[in-house]
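Chemist: Below, each chain spelled out in residue letters.
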Amino acid sequence: MTRFVLHRIGFYVLVAVLLAFFAVPLLWLASAPFTSDPTYQVRMPDFTADNFRALFDNPYALGSLWNSVLLAAGTAVLVVAFATLAAYALSRVRLPGRDALLYTLLLLSSIITGTAAMVPLFQLAVELQLIDSQLGLILILTGGLLPAAIFMMKDFMDSTPKSYEESARVFGATPLQIVRHVVVPLVRPGLATIGVWAVANVWGNFLMPYLLLSDVEKQPGAVIMYTLYTEGGQANLQLLATFGLLYSVPVVLMYLFVSKKYGFRFHGGIKR
Amino acid sequence: MAQATLPPEVLDDAKARRYNADAAGLGRLRAGAFVAPALVLISLFLVFPALWVLYLSLSNYRLTGAAAAAPQSVGFDNFVKALTDPEFWSSTWLTFEFVLGSAVIGQVVLGFLIAWIMRDRTGPIKRIVEGLVILAWILPSAVVSFLWVALLDRDGGTLNTLLHAQDFAPLLDHPMLSIIVFNIWRGAAFSMMLYGAALGNVPPSHLESARLAGASGWQQLRDVVFPHIRGHVLTNLLLISLWTFNDFTPFLLTAGGPDGKTEVLSVHVYQVALQGGELGYGAAVSTVILLINLVVAVFYLRLLRSKK
Numbered sequence: 001m002t003r004f005v006l007h008r009i010g011f012y013v014l015v016a017v018l019l020a021f022f023a024v025p026l027l028w029l030a031s032a033p034f035t036s037d038p039t040y041q042v043r044m045p046d047f048t049a050d051n052f053r054a055l056f057d058n059p060y061a062l063g064s065l066w067n068s069v070l071l072a073a074g075t076a077v078l079v080v081a082f083a084t085l086a087a088y089a090l091s092r093v094r095l096p097g098r099d100a101l102l103y104t105l106l107l108l109s110s111i112i113t114g115t116a117a118m119v120p121l122f123q124l125a126v127e128l129q130l131i132d133s134q135l136g137l138i139l140i141l142t143g144g145l146l147p148a149a150i151f152m153m154k155d156f157m158d159s160t161p162k163s164y165e166e167s168a169r170v171f172g173a174t175p176l177q178i179v180r181h182v183v184v185p186l187v188r189p190g191l192a193t194i195g196v197w198a199v200a201n202v203w204g205n206f207l208m209p210y211l212l213l214s215d216v217e218k219q220p221g222a223v224i225m226y227t228l229y230t231e232g233g234q235a236n237l238q239l240l241a242t243f244g245l246l247y248s249v250p251v252v253l254m255y256l257f258v259s260k261k262y263g264f265r266f267h268g269g270i271k272r
Numbered sequence: 001m002a003q004a005t006l007p008p009e010v011l012d013d014a015k016a017r018r019y020n021a022d023a024a025g026l027g028r029l030r031a032g033a034f035v036a037p038a039l040v041l042i043s044l045f046l047v048f049p050a051l052w053v054l055y056l057s058l059s060n061y062r063l064t065g066a067a068a069a070a071p072q073s074v075g076f077d078n079f080v081k082a083l084t085d086p087e088f089w090s091s092t093w094l095t096f097e098f099v100l101g102s103a104v105i106g107q108v109v110l111g112f113l114i115a116w117i118m119r120d121r122t123g124p125i126k127r128i129v130e131g132l133v134i135l136a137w138i139l140p141s142a143v144v145s146f147l148w149v150a151l152l153d154r155d156g157g158t159l160n161t162l163l164h165a166q167d168f169a170p171l172l173d174h175p176m177l178s179i180i181v182f183n184i185w186r187g188a189a190f191s192m193m194l195y196g197a198a199l200g201n202v203p204p205s206h207l208e209s210a211r212l213a214g215a216s217g218w219q220q221l222r223d224v225v226f227p228h229i230r231g232h233v234l235t236n237l238l239l240i241s242l243w244t245f246n247d248f249t250p251f252l253l254t255a256g257g258p259d260g261k262t263e264v265l266s267v268h269v270y271q272v273a274l275q276g277g278e279l280g281y282g283a284a285v286s287t288v289i290l291l292i293n294l295v296v297a298v299f300y301l302r303l304l305r306s307k308k
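Which chain is which? The protein sequence lines are R and B, in order. Per UniProt numbering, the very first residue in the first sequence carries number 1; after that it's consecutive. Per UniProt numbering, the very first residue in the second sequence carries number 1; after that it's consecutive.
Honestly, the hints are just simulated from the structure, not real lab data. Take these hints with a grain of salt, some might be off.
As the list claims (entries may be wrong) - Interface residues of chain B toward chain R, partial, derived using beta-carbon atoms under 8 angstroms:
| no. | residue |
| --- | --- |
| 1 | V53 |
| 2 | W116 |
| 3 | V133 |
| 4 | D153 |
For every residue, glycine included, the Cβ atom is placed at its ideal position computed from N, Cα and C.
Work out the full structure: start from the sequences and follow the hints.
Modeler: Here it is as structure tokens:
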């Protein structure tokens, strides 16, 4: 009996410690945006809207969130489109060297990280005049995400039945029509998974936009957040708190949406 | 499309088989065209940079100055320079500490611990704990870095308030420990979820019989649970080591300082190549990173294959 009680007490102490460890760093993000004159100290919020007003007056804050949306959406669209086409072809047609190609792609995508490739990517961007180009950054990010996306997408393609495509073909549909009207609706969950995965990757990415975009008006939220707290001596906590919150909300919503709709799917390498 | 209008049974055997595999009648040429856009982007922005980094590492390329206009091949000088440079070795050692402390020990132990104590629970406690752990993992790195800057701040940071301490500045006094604890907090979710899934696969009857035979909690863990999840442990170790090794987030917390005490290899490359302008030397360090990644990734893919 005492053993059982000790066990219970031990469990609750452990849970309390874990909760404290994981919650304390987050408290500031929950309280400071709604507190007047926020400091580093966590205080009971008085639910003021001043901080948000200050944020909306800042010339770069909202623009940077829009830039994040552009980068994330642009990359996700390209990744989904190109990965779908490639995965479909690789799934249905025995191209020579297909398996070796897939294996190499997977290997490359896990070893060539932003850290390892920052020097050549920076130089490549300079040579191709892609510095300060959002489209250039989108293409670079797409190239980095595609191998894993093709790999995940091919799993979805392999598990769809081929009989629909056959009947569509019997009725004279062209291959592109078949992909658009038959295959895409069948693999919609796969498209959604990869789109969300790409958005999550780009939304949080700091290194690539930090290297390749120097124009403040084009920088996404990650870079603006960093410059808000490192440049200009005293960090403006009013802006940081509200901006951090606004910048975080979309990923949290997306996570909740995905885990509700699809349950949690375990894809190794979902984060890089 | 004349052939396509024929009903399938009219076709001879060999044709039928091809027809079956390539149900939309794509053919190799169009299949190639479907793969091409992806391959172009991957070659340009993934494969080419990897090859270019090898070439650069053998040159004296600089961001500015004479060597920027006319770079020359310097053979393996950059590698010799790296291998004899105490800063390179100190960065390597710091990276080792960072990966070992935060990923291999910290995230694995904490992630497993949470998965283990929550294994047959349902209800609000489990949801709240797991929710917080996952929240730490999904928030953007720029945001969580600042949250930790605020937490650890010298005057008025939450940690100092909680400890009733004055002038305790962890980021200055214990920078390495700070980024290790930060990264444990940041990444424990992945290990927690992976072990949670793995523990669900341990047959309850095995645990039951071990308990009836009088095995202690630790013995159950060692003799029943561990043999079942060994594959997951290895997968987990390889993936989080690879990610932590390539993680640039420490830069957001400490920018490598103070005095280079947190300049892990990822930050080191940034400092020497893009701040210091020594692209050739930076590329040599990048090559070392690539090679280490290659070893870990090959090991991981072998493991995946042998499982299939």
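Chemist: Taking the closest Cβ pair, is W116/B under 8 angstroms from chain R?
Modeler: violated (10 angstroms)
Chemist: Quick one, is the D153/B hint okay against chain R at 8 angstroms, beta carbons?
Modeler: holds (4 angstroms)
Chemist: Is the shortest C-beta separation between V133/B and chain R less than 8 angstroms?
Modeler: holds (6 angstroms)
Chemist: Does V53/B pass the interface check with chain R, least Cβ-Cβ distance below 8 angstroms?
Modeler: holds (5 angstroms)
Figure legend: structure checked against the earlier numbered hints; the only hint not met is number 2.
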